[in-house]
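Trainee: Sequence:
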Amino acid sequence: MSSIDIKLPSAEDLLKTLAQKLQPLLQPNTALVGIQSGGVWLMQRLLILLEKDIAANATEHGTLDVSFYRDDYEQRGLKAENRPSQIPFDVENKHIILIDDVFYTGRTTRAAMNELFDYGRPASITLVALVNRGGRELPIAPQITAADITLEHSQNLQLIQNTDGHLSLELKSLTLQPSSGSTQA
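Going letter by letter, the sequence shown gives residues 10 to 194 in this note's numbering.
Please note that the accuracy of each hint is not assured.
[As the list claims (entries may be wrong)] 25 Å max Cα-Cα, derived SDA-like pairs, lysine to any residue:
1. Lys25 to Leu183
2. Lys25 to Asp157
3. Lys181 to Asn165
4. Lys25 to Glu146
5. Lys16 to Thr135
6. Lys61 to Phe77
Hints listed in this document are in silico derivations from the structure and should not be mistaken for laboratory results.
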C-alpha cells in the first residue's frame, strides 16, 4: 500500500478524541508531560480543552526534550530546534501522563522515562499517543491512543503544527539506505 492509498484522519478530530479519553485520568497528584515537539503541541492544546478538569485537580505540566537520552544520539545528533526540558514540579510519587504525537518503535518513550527518573521516581507513568503507527521494537506501548494506523517501515508519519496553531498529520515515504538498517523513531 502506498502513502497515496492511505487516508489520514484529521489530527484536530483525533485531539478531541484524545481529550475525552484523557479526562478520567486527571486526578489529584497527576501531571502532564509532553515530549518535544509534537507531544508538547498536543499537551498545550489539551491544557485548553481540559482546562476545567486540570484546574479542579491542580494538574501540573512540563516538557521533555529526550535528545540526549536516545540510544541513537550519535546517529541522529541534536535537532536544530532542541529545547531544554522543563519539569517545574516534584516528580516523586506523581502520576505522570506522558504525551507523544506518533508512537513507533518505543525508543523515544524509553528515553523519556529515563529522563523522568532523573527528576525522581514517579508513582506511575501512563503513555498517551495521538497515533500508534505500529512497528514497536521494545516492550513499551501506549495505554491511550486516538488512532491506530499500520504503516510500512518506509513511511514516516509526522504531526505538523500549522502557523495558525492547528494540527495536521503528514505521511512521507522514506528513502532507506540498504546498508544502514536504521529506522526513525
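Trainee: State for each hint whether it applies.
Mentor: Results of checking the hints against the structure:
1. Lys25 to Leu183: violated, 29 Å
2. Lys25 to Asp157: holds, 15 Å
3. Lys181 to Asn165: The hint holds at about 5 Å.
4. Lys25 to Glu146: violated, 28 Å
5. Lys16 to Thr135: Given pair Lys16, Thr135 is violated - Cα atoms ~28 Å apart, limit 25 Å.
6. Lys61 to Phe77: violated, 35 Å
In summary, the numbered hints that this structure violates are 1, 4, 5 and 6.
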